[in-house]
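Model the full assembly from the supplied sequences, consistent with the hints where possible.
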Amino acid sequence: MNTTPVRPRFYCRLVRLSSAPGRASRHAEGCADCRQYFLASTRLESALRRDAVRFAPPAPAGLERGIMQAIRDAAPAPARSHSRAGWFAGVSVATAAAVALAVILVPHPPRVQPAMAVVKSPAPEVMVQGESFSTRLINAVVPPAATLVAAAPLQNELDSVYSDARSALGFLALNFLPSSSGLIDARSGQIGAKG
Amino acid sequence: MTLFSHSPAEEFPLTPEAPADEAALVRDTLGADPRAFEEIVRRHSRRVYNFLHQFTRHHQDAEDLTQQTFVKAYQNLHRFDCSRPLINWLFTIARRSALNHFRAAKSWESVPEDAASEAPSPAHQTESRDGTENLWAHARRILSPREFEVLWLRFAEELSTEETARIAGLTQTHVKVLVYRARQQLMKGDIPL
Chain A
1 MNTTPVRPRF
11 YCRLVRLSSA
21 PGRASRHAEG
31 CADCRQYFLA
41 STRLESALRR
51 DAVRFAPPAP
61 AGLERGIMQA
71 IRDAAPAPAR
81 SHSRAGWFAG
91 VSVATAAAVA
101 LAVILVPHPP
111 RVQPAMAVVK
121 SPAPEVMVQG
131 ESFSTRLINA
141 VVPPAATLVA
151 AAPLQNELDS
161 VYSDARSALG
171 FLALNFLPSS
181 SGLIDARSGQ
191 IGAKG
Chain B
1 MTLFSHSPAE
11 EFPLTPEAPA
21 DEAALVRDTL
31 GADPRAFEEI
41 VRRHSRRVYN
51 FLHQFTRHHQ
61 DAEDLTQQTF
71 VKAYQNLHRF
81 DCSRPLINWL
91 FTIARRSALN
101 HFRAAKSWES
111 VPEDAASEAP
121 SPAHQTESRD
131 GTENLWAHAR
141 RILSPREFEV
151 LWLRFAEELS
161 TEETARIAGL
171 TQTHVKVLVY
181 RARQQLMKGD
191 IPL
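Sequence lines, in order, name chains A and B.
Every letter in the first sequence is one number past the one before it in the working numbering, and letter 42, counting from 1, is 42.
Every letter in the second sequence is one number past the one before it in the working numbering, and letter 23, counting from 1, is 23.
Treat the hints with care, since some could be wrong.
With a cut-off of at most 16 angstroms between alpha-carbon atoms, the simulated EDC-like pairs for lysine to aspartate or glutamate come out as follows [claimed, not checked]: (1) B/Lys176 with B/Glu162; (2) B/Lys188 with B/Glu162; (3) B/Lys72 with A/Asp73; (4) B/Lys72 with B/Asp21; (5) B/Lys188 with A/Asp73.
Simulated from the structure, these hints should not be mistaken for laboratory data.
This structure is a prediction, so every number in the text was calculated from the model and none was measured.
Put into structure tokens, the structure is as follows:
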């Protein structure tokens with residue numbers, strides 16, 4: 001079977017290489033060499049397919065059993081893919097936890113009119129019971145927050161703010177003012193502390 | 001012209017989709033159903049074994065590599081894209097397993113190009129004259145390993161050019177060139193078709 005006695009033209013080679021059925025058939029209609037080539041090529045492909053089946057080696061006995069045994073010996077169960085629902089649930093739980101933590105840790109602002117909180121409204125007995133129940137529930141769920149509020153009265157809050165401001169001033173003086181001036185004590189943040 | 005009516009490009013779509021029940025089997029396996037993966041093994045193990053046997057030419061090596069292929073597939077099944085045929089993914093794993101297996105022995109990819117195209121032995125010439133020779137055995141002798149691999153995927157496994165390129169890690173143009181060269185080589189020979 002010698003289908004290419006002469007070297008094919010460049011366009012013929014291009015058509016044979018591309019194997020696009022439409023272009024090949026159009027070209028082959030007017031090119032006897034290519035028609036012969038494609039006929040031989042089709043016969044070759046059929047023979048390759050035929051021989052792949054005909055000469056396929058017999059699978060060894062117990063191939064499937066051996067594979068399953070190898071999987072049992074070597075592999076843990078396949079990891080489940082992270083589903084979208086699972087990811088969403090995880091993010092939701094993490095967000096809820098972050099919000100709860102923020103509520104517990106962030107100090108509450110001092111009350112401007114504390115007297116208003118202690119004024120009892122003339123509510124009926126049911127409302128009073130409901131209020132006490134909700135208070136107990138909140139204390140049970142977030143006891144640290146309740147404790148924090150009780151232990152940090154207005155004076156303590158003001159002292160903390162004042163202390164923070166003094167530290168910030170000291171930091172600024174230490175870093176941005178010349179140390180030889182001696183006008184500002186870096187640690188205490190007080191003007192003229194060195195005297 | 002009926003000559004082109006059986007073009008592989010027409011028979012096999014360029015963007016193949018996996019059968020729906022195959023995707024279900026994968027999902028069932030991920031859902032810890034042991035029978036689902038057994039069914040996958042039952043469907044594809046022979047093809048994978050045959051594919052590996054073409055390159056190893058050794059029953060025991062091919063069997064071991066087939067086991068390795070399915071173990072790796074089982075362990076990494078969550079990474080499989082269910083929209084594609086499972087067999088293509090298995091071929092990719094099998095090919096890499098075979099390459100790793102032979103890397104130490106340097107007996108497949110590193111075979112010199114001219115070593116594969118040596119003149120056939122007298123016994124093979126006799127076989128060929130009798131018309132009993134396997135065309136694939138002849139192809140293995142005269143083609144480079146890469147040409148043989150591409151030709152096998154393309155015509156024995158009947159994969160499209162795109163699928164073959166994906167498995168072999170080549171471009172589609174490269175696959176077409178390799179198939180063209182392999183065809184030319186085979187058509188030069190005196191093989192009865």
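Does B/Asp21 lie within 16 angstroms of B/Lys72 when you go C-alpha to C-alpha? Measuring from Cα to Cα gives roughly 21 angstroms; hence the hint is violated.
Does the alpha-carbon distance linking B/Lys72 and A/Asp73 stay inside the 16 angstroms limit? holds, 13 angstroms
Given the hint that B/Lys188 pairs with B/Glu162, test it: the Cα-Cα distance must not exceed 16 angstroms. violated, 27 angstroms
Take the C-alpha atoms of B/Lys188 and A/Asp73, compute the straight-line distance between them, and say whether it is at most 16 angstroms. violated, 49 angstroms
Verify the proposed pairing of B/Lys176 with B/Glu162, using a straight-line Cα cut of 16 angstroms. It holds: about 10 angstroms lies between the C-alpha atoms, which stays within 16 angstroms.
This entry does not satisfy hints 2, 4 and 5, going by the numbered hints stated previously.
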